[in-house]
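Participant: For the protein sequence lines, the chains are R and B, in the order given.
If you count by this note's numbering, then the first sequence holds residues 1 to 524, one letter each, in order.
If you count by this note's numbering, then the second sequence holds residues 1 to 524, one letter each, in order.
Think of the hints as simulated: they come from the structure by calculation, not from any bench.
Do not take every clue at face value.
As the list claims (entries may be wrong) - Below, in silico cross-link-like pairs of lysine to any residue (SDA-like), each with a Cα-Cα straight-line distance of 20 Å or less:
{"hint": "1", "chain 1": "R", "residue 1": "K272", "chain 2": "B", "residue 2": "H343"}
{"hint": "2", "chain 1": "R", "residue 1": "K272", "chain 2": "B", "residue 2": "L523"}
{"hint": "3", "chain 1": "R", "residue 1": "K436", "chain 2": "R", "residue 2": "L419"}
{"hint": "4", "chain 1": "B", "residue 1": "K272", "chain 2": "R", "residue 2": "Y137"}
{"hint": "5", "chain 1": "B", "residue 1": "K441", "chain 2": "B", "residue 2": "H343"}
{"hint": "6", "chain 1": "R", "residue 1": "K272", "chain 2": "B", "residue 2": "H143"}
{"hint": "7", "chain 1": "R", "residue 1": "K272", "chain 2": "B", "residue 2": "G95"}
{"hint": "8", "chain 1": "R", "residue 1": "K272", "chain 2": "R", "residue 2": "Q294"}
{"hint": "9", "chain 1": "R", "residue 1": "K272", "chain 2": "B", "residue 2": "R170"}
{"hint": "10", "chain 1": "B", "residue 1": "K272", "chain 2": "R", "residue 2": "L312"}
{"hint": "11", "chain 1": "B", "residue 1": "K272", "chain 2": "R", "residue 2": "L419"}
{"hint": "12", "chain 1": "B", "residue 1": "K195", "chain 2": "B", "residue 2": "D421"}
{"hint": "13", "chain 1": "R", "residue 1": "K66", "chain 2": "R", "residue 2": "K175"}
There are 2 protein chains.
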Amino acid sequence: MSQALQQNGHLQMVRHQNMEAKAQALTPALFHHDVYPQGVVSAVQDAQQIHGWRADVAASVQDFFKQDFFQGEHVIIDFGKHCVGYLEFACEAAGSPPDAPAHLQFIFGETLAEVVEPFSDYSGWLSSSWLQQQDCYLDELPHHMRLPRRYCCRFLRINVVALSRKFQLRFTSLKLDTVTSASLAQLPTCSSNDKQLQRIDEVAVHTLKNCMHDVFEDGPKRDRRLWLGDLRLQALVNDVTVKNYDLVKRCLYLFAAMTREDGMVSANIFVKPQLIADDTFLFDYALFFVDVLQEYVAVTDDRETLAELWSLAWRQIELALERVAQNGIVRDSADWWSFIDWHEELNKQAASQGVLIYCLSKALILARDYDVSKVSLLEEKISWLKAAAQRELWDAQSGFYTSGESQQVSCASQVWMVLADVGTPEKQRSLLKRLKSHPPKIQMNTPYMMHHYVAALLQVNEMEQATQEIKNYWGAMLEYGADTFWELFDPKRPDFSPYGSKLINSYCHAWSCTPSWFIRKYLL
Amino acid sequence: MSQALQQNGHLQMVRHQNMEAKAQALTPALFHHDVYPQGVVSAVQDAQQIHGWRADVAASVQDFFKQDFFQGEHVIIDFGKHCVGYLEFACEAAGSPPDAPAHLQFIFGETLAEVVEPFSDYSGWLSSSWLQQQDCYLDELPHHMRLPRRYCCRFLRINVVALSRKFQLRFTSLKLDTVTSASLAQLPTCSSNDKQLQRIDEVAVHTLKNCMHDVFEDGPKRDRRLWLGDLRLQALVNDVTVKNYDLVKRCLYLFAAMTREDGMVSANIFVKPQLIADDTFLFDYALFFVDVLQEYVAVTDDRETLAELWSLAWRQIELALERVAQNGIVRDSADWWSFIDWHEELNKQAASQGVLIYCLSKALILARDYDVSKVSLLEEKISWLKAAAQRELWDAQSGFYTSGESQQVSCASQVWMVLADVGTPEKQRSLLKRLKSHPPKIQMNTPYMMHHYVAALLQVNEMEQATQEIKNYWGAMLEYGADTFWELFDPKRPDFSPYGSKLINSYCHAWSCTPSWFIRKYLL
């Protein structure tokens, strides 16, 4: 995810060196795999395609390596799939000896639009420094070069900005040295017989793989870092695919390695050049530390890690409970941060209430097994919060839970009430039916929120509808040619961006890879 | 120099490996010297200044290192003098942890105009790849970086193109690691008592030093390579200042290492990534191989090198003589290349006749000492060519030598007739006087041509006028703030560029450093 900006430079943060040392010791080795160009394409305007651009095959790779490029020419290379790695190329001069530097510009696009629509027109509010480009000035030819930054692309545009009139440029090699910490060598077979689900699973696994580096990144293009909310979903998919449990463990220790003075875990972590916890704090993400730990312990039975991290997990519960008002409802306020979904108008009170109950239930699972002293308190709080939700948030007239002073009705609120197991199974089931038949104005914007909707459907045993929602939503991205799943997707507004430009959206985003978990876990 | 473009990719070139090995063995070590920022300046429009820009002191270096730069801000750093080297800097984030790459743009200017007038407006015909800039995207902060290319600047502009709203950028160190193969440790004192000449000498030596790298470069910004015509003047100044004779020797061997099939030496040489002689051939430059060799032997008495290179020098004489018509005059034609001066309208026949006679005289000096078999032939040819010049080119009516079919009268023709010692000393003297009193339309455009004019004045013992011309011409560059001498300078048109843009002119150019030779050799 990327969250709207908090600025909390004044906050005191505390380093926990033993935790950091554990995390560093778990730094994974990266697997390298060379990916070569599959063809040269030209971009053609086509209103039927995502962002209005179609890639037509323009030349073969053989032709590309034979072409003498003149100043001002360009080429768009198609690597055939979404890649994360380092560009290496070699080129030489054709014609007279090169009597001036060669000025090349490389533009990397997860989508065709990124290499066609000029970055100079970008006016989004996220930093333009995320737009993937590099100008190179080659003083000597022939030249072999490896660009030092890691890029993320399916398409690579090379603009031959300037040569001299005495020579042309010819490429003699070009590849991506792709990297990931995910090994697919032992990938369990996808059990589904449905061709579309098989393809969705394949793309979801590719998405996860391309987000796995020395941490679980949210997106390899942007923000390229560890967010707790993304980690939670990645870890689930990891459990049924790559099974790199050490990486999940490392990420848990990274969050534990630097916390706010009061013990709250940060929403995200930077690891280079040194570990820094961001000064962004989110109510829901901090609570998810409990959930990630519970799921990790459930699958690994790593009780040593549980022993080390339990008190920090518990601290998140305590801090979250401090936000609960006397009436048993999470207090809403204007200066409050909970993520839930990328939606400017969404009121997050009810959904946050749901997250709190959900995470207390996860804590209860751990407490029963490991710290029985906490069991009765947790049981009590869960009952109290559920009853409060039912009493304070349920609106019999609309048949929905409301949120905030304005009594907003949103998808997110209903979904999280179900995931929190508020109300009888029957009531949860009918609530989700009503959500479909009477869609509220405040819809879902991200695969992240859609994940929770599908999870809620599965919780109430609506297997068929869950499968259909996956096919409709993730399947629509496939139809648009996705070979990794996107950070943002609204089928009605394919250009939607909460950042003010589709160019800065991430098109390989961790929180979108969960169909693999649903398909494999629930045998869809 | 930079010559208009010849394209001779079809020509067969021959490598001479023993010559190349000699040249490589003489590759010089480079001296390194750190140069630190002297201040921060702002550019102010001022019609009185060169290119219309004045540098006003805006802040101290201390302030620069304290400043927190926001996205969109920029700074212009003044290094206090012209430098050639590698930029190293370190920077860190201020504010929240950096949550996006930092996009910085570095623009290097020998002149203030280069860092103020946008490169995007450049429309000259030389490659824009020479314009010195680099965009850097820093994924991690703090960051220490050394830009891989060598730059040439007095001014450095840093544009902080993009950060995020969560952090600012602060520089913690910044310097240029300057390089040269010239040691000034043993620099002989300048004998002149004239303050202005002392300053001109100082700037000329700085110009030579900044052009001395692993070869004598024409200009460290552009073309950054070994041209024979520039080498010839650099070697003279080297003789009375730096005395790096091995570098002159290396350059002679480089020209000898790869020649045209018929033995003609190229006008210029590339040395990286491997030695390549350019496919540009110039009548005058090839002949100057003889002159450089003669001057080198005169000062070093290195008879071994003379023995190895004499036959190649002689070959240049033979090839040049092939271009002489029956009437004893170098044939003119439309497809012919002789440099003489940067002047679109200049007819080069008469001046080339002068260059030929001048170089035959230099060959005669060597032949008398080393190869007496050639003496009588040379004496004969020199007499014949001089007589022909007098007979065919002298125009009694105008009192000038003419050139080409159009009987063009130019400064260059007169100057080279004097340097060729055509006519009596008295006639040469009065010719130069007439050149001053009746200036022809075709004037001189470069310090290179101005050098030959001053040399001609000194040849006829016009010491005072020679001194005055140096003071007027090179002194005017000083008044404009030059701390190295420029490739091009027309006092009447300070923005003149034969390339279509002053931004691409070289402002530290080898052929402009010869005042030191005049001042030190002739004790001005």
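Participant: Could you run down the list of hints and mark each one as holding or not?
Facilitator: Checked hints:
Restraint check for K272/R and H343/B: the C-alpha separation of about 56 Å exceeds 20 Å, so the hint is violated. For the hint pairing K272/R with L523/B, the CA-to-CA distance comes to about 62 Å; that exceeds 20 Å, so the pair is violated. Using a Cα cut-off of 20 Å, the hinted pair K436/R and L419/R holds, with the two alpha carbons roughly 17 Å apart. As the CA atoms of K272/B and Y137/R are separated by approximately 15 Å, the hinted pair is consistent with the 20 Å bound.
Between K441/B and H343/B the alpha-carbon distance is near 12 Å, which keeps this suggested pair within the 20 Å criterion. This hinted pair checks out: K272/R and H143/B have alpha carbons roughly 10 Å apart, not beyond 20 Å. Distance restraint check for K272/R and G95/B: the Cα-Cα separation of roughly 17 Å lies within the 20 Å cut-off, and the hinted pair is therefore satisfied. For the hint pairing K272/R with Q294/R, the CA-to-CA distance comes to about 28 Å; that exceeds 20 Å, so the pair is violated.
The suggested pairing of K272/R with R170/B holds, with an alpha-carbon distance near 18 Å, which does not exceed 20 Å. The straight-line distance between the Cα atoms of K272/B and L312/R is roughly 59 Å, outside the 20 Å bound, and the hint therefore fails. For the hint linking K272/B to L419/R, the alpha-carbon distance of about 66 Å lies beyond 20 Å, and the restraint is violated. Restraint check for K195/B and D421/B: the C-alpha separation of about 33 Å exceeds 20 Å, so the hint is violated.
Distance hint between K66/R and K175/R is fulfilled; the C-alpha atoms sit about 16 Å from each other, no more than 20 Å.
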